[in-house]
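Produce the complete structure using the sequences and hints provided.
2 protein chains.
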Amino acid sequence: MSFPVPTMPVPPVSVVGLGQLGGSLAAALVAAGRPVSGWDVDPSARGAAAARGVAISPELTGVVVLAVPMPALTSALDGLFLDPDATVTDIGSVKGAVVAALGAAHGDRFVGGHPMCGTERSGHQATDPTLFAGARWALCLEPGTDLRRWLRVAEVALAVGAEVVPVTAAEHDDAVAAISAVPHLLAAALAAAAAEAGPLALGLAAGSFRDGTRVIASDPRFVTALVEGNAGPAGAALDRVLAQLDRPWPDLVTAGHTARTAAPGRRAVRVPLDRAALLALGRAGGAVDRRQAAFVEGWVPEV
Amino acid sequence: MSFPVPTMPVPPVSVVGLGQLGGSLAAALVAAGRPVSGWDVDPSARGAAAARGVAISPELTGVVVLAVPMPALTSALDGLFLDPDATVTDIGSVKGAVVAALGAAHGDRFVGGHPMCGTERSGHQATDPTLFAGARWALCLEPGTDLRRWLRVAEVALAVGAEVVPVTAAEHDDAVAAISAVPHLLAAALAAAAAEAGPLALGLAAGSFRDGTRVIASDPRFVTALVEGNAGPAGAALDRVLAQLDRPWPDLVTAGHTARTAAPGRRAVRVPLDRAALLALGRAGGAVDRRQAAFVEGWVPEV
Numbered sequence: 001m002s003f004p005v006p007t008m009p010v011p012p013v014s015v016v017g018l019g020q021l022g023g024s025l026a027a028a029l030v031a032a033g034r035p036v037s038g039w040d041v042d043p044s045a046r047g048a049a050a051a052r053g054v055a056i057s058p059e060l061t062g063v064v065v066l067a068v069p070m071p072a073l074t075s076a077l078d079g080l081f082l083d084p085d086a087t088v089t090d091i092g093s094v095k096g097a098v099v100a101a102l103g104a105a106h107g108d109r110f111v112g113g114h115p116m117c118g119t120e121r122s123g124h125q126a127t128d129p130t131l132f133a134g135a136r137w138a139l140c141l142e143p144g145t146d147l148r149r150w151l152r153v154a155e156v157a158l159a160v161g162a163e164v165v166p167v168t169a170a171e172h173d174d175a176v177a178a179i180s181a182v183p184h185l186l187a188a189a190l191a192a193a194a195a196e197a198g199p200l201a202l203g204l205a206a207g208s209f210r211d212g213t214r215v216i217a218s219d220p221r222f223v224t225a226l227v228e229g230n231a232g233p234a235g236a237a238l239d240r241v242l243a244q245l246d247r248p249w250p251d252l253v254t255a256g257h258t259a260r261t262a263a264p265g266r267r268a269v270r271v272p273l274d275r276a277a278l279l280a281l282g283r284a285g286g287a288v289d290r291r292q293a294a295f296v297e298g299w300v301p302e303v
Numbered sequence: 304m305s306f307p308v309p310t311m312p313v314p315p316v317s318v319v320g321l322g323q324l325g326g327s328l329a330a331a332l333v334a335a336g337r338p339v340s341g342w343d344v345d346p347s348a349r350g351a352a353a354a355r356g357v358a359i360s361p362e363l364t365g366v367v368v369l370a371v372p373m374p375a376l377t378s379a380l381d382g383l384f385l386d387p388d389a390t391v392t393d394i395g396s397v398k399g400a401v402v403a404a405l406g407a408a409h410g411d412r413f414v415g416g417h418p419m420c421g422t423e424r425s426g427h428q429a430t431d432p433t434l435f436a437g438a439r440w441a442l443c444l445e446p447g448t449d450l451r452r453w454l455r456v457a458e459v460a461l462a463v464g465a466e467v468v469p470v471t472a473a474e475h476d477d478a479v480a481a482i483s484a485v486p487h488l489l490a491a492a493l494a495a496a497a498a499e500a501g502p503l504a505l506g507l508a509a510g511s512f513r514d515g516t517r518v519i520a521s522d523p524r525f526v527t528a529l530v531e532g533n534a535g536p537a538g539a540a541l542d543r544v545l546a547q548l549d550r551p552w553p554d555l556v557t558a559g560h561t562a563r564t565a566a567p568g569r570r571a572v573r574v575p576l577d578r579a580a581l582l583a584l585g586r587a588g589g590a591v592d593r594r595q596a597a598f599v600e601g602w603v604p605e606v
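As they're listed, the protein sequences go chains A and B.
Heads up, the first sequence stops at 303 in my numbering, and the numbers go up one at a time, no gaps.
Heads up, the second sequence stops at 606 in my numbering, and the numbers go up one at a time, no gaps.
Please note that a few of the clues may not be correct.
[Said to hold, decoys possible] Partial list, computed: chain A residues near chain B (C-beta under 8 Å):
#, residue
1, Ala72
2, Ala175
3, Leu186
4, Glu196
5, Arg214
6, Leu245
Keep in mind that the hints were calculated from the coordinates and are not lab data.
No experiment lies behind these values; they were computed from the predicted model shown.
Where a beta carbon is used, it is the ideal one built from N, C-alpha and C, also for glycine.
Dropping the structure here:
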């Protein structure tokens, strides 16, 4: 004897901003068979999304994803029609300031997010519906976050193949300072110093230079927002890197090699729908990879 | 009416050390139809090279390429039979100390070299006959270098698709400090500091961290030799990077972006077989891509 399996209601998704990340998200949702609409101030971005099957509409409902550059976040909805029941999220690379500003605007309808993907390219020409597959997607669980809305946004991330990392905005900003802001600053300094060293150095530059500087090929406005918008944690993280550079080089090389090549296994876990338990998962380096009705499933690294 | 085109004599090449670089070079020379023999103290490396068509022999003649780790350079020929007319070269990533040590051992039969390629992998399992295609290959032109022997080694590099950059050992070490030693140190510091930041940071790490730390996945013995063997220039280059990091971040980001994305064109040049003219080509950021009888052809970046 069998019972019908209850299915989750699938809320529609509206993506505002159809550049590399927003356009990729909308295309990935189309590919996943999800109802998705999109909007962009740029007609060519709207046209490119429409060609991928995204309904173009200024009416925003369900989960509304603000996929615009961070300086444009607070004005992204100007002139658009936001369903008062909609859950609003963003994909900005800094969370403290964004959660404060958009929380003030949208109250507990807002859930801050940050998918950890994207390349040095930008714009709708760089759209890739597989961009989120296997990526981590940080989602903020603040003391005032509505857990049901958090799950609704998480479900969108899971639908495009991402794994959801529950974080507070402050934890996010500290962590991302170490693994994103500082790499961008080091890449900039490395490239600028090599240019200063002269044409012979650039003429000999190969893989280690190319990889070590790749991210600073990104749009400088994006990089500046990433580091200046997270200046406190980025400064602290940079100081930790500078302290490492003061170590004897053989010790530094060994420590860096060990950290870079560590490959912990994964252990599957089941986590109750509880803020403290979800945040503990993120702090342990784990992520949610499936939503169930009364809990989530995920994994943590083995120690 | 036509005349027979005079062909250059093609000297045989003997490669000592058949790991990633030596094994790739030997395999590339086989693919180019060049006479090549090889030797390695490790029977499995000899077997892998033999399977690629490399003649295995302890008798070294023609252009003898020492493709062993730098600490082993001075003992690499122990127990082997070196033709007294052979030209000896190496592929070590530091040139000042190597040119001094091997110049003392081999006199003007030695020409220092450094192909700017290779990956974080090592050993004969990482052999790739296309490794040198399009790579720069620094070749040292010291005041005492025999230009005919320099050209013989250059011809080997050109035969596997590399472009030859004429340098002095001191210029090489300064340039490589900026574009190789320092990227390795920054990668190590970035990885070690992120590990210190904790599991959440590593759990969120994505492309900018992965690329910024890739090179420190290399064998730590190789990296330590690279930075410790070039400690003076590497320290000076690191200081230049630290000075860049003291700039206001928006300025740093702009300068780094500009340096990373500059894409100068190339202008073809013909360079006489003259030490000063060849070194000027390297200092301008250019390279030799073809050898003729009485000159070389190459290119310089346009300004």
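Checklist entry - When the nearest CB of chain B is found for glutamate 196 (chain A), is that gap smaller than 8 Å? => result holds, 6 Å
Checklist entry - Going by Cβ atoms only, is alanine 175 (chain A) closer than 8 Å to chain B? => result holds, 4 Å
Checklist entry - Would the stated hint for leucine 245 (chain A) survive a check requiring a Cβ distance to chain B of less than 8 Å? => result Where the cut-off is 8 Å and the nearest Cβ of chain B is about 5 Å from leucine 245 (chain A), the hint holds.
Next on the checklist: leucine 186 (chain A) was flagged as interface toward chain B. Is the shortest Cβ-Cβ separation under 8 Å?
Outcome noted: holds, 5 Å
Item to check | Interface restraint verdict for arginine 214 (chain A) against chain B (beta-carbon cut-off 8 Å) | outcome: The hint holds - arginine 214 (chain A) has a Cβ within 8 Å of chain B, the shortest such distance being about 5 Å.
Checklist entry - Is the shortest C-beta separation between alanine 72 (chain A) and chain B less than 8 Å? => result Violated, because the Cβ-Cβ distance from alanine 72 (chain A) to chain B comes to roughly 18 Å (cut-off 8 Å).
The structure fails hint 1 only (numbered hints given earlier).
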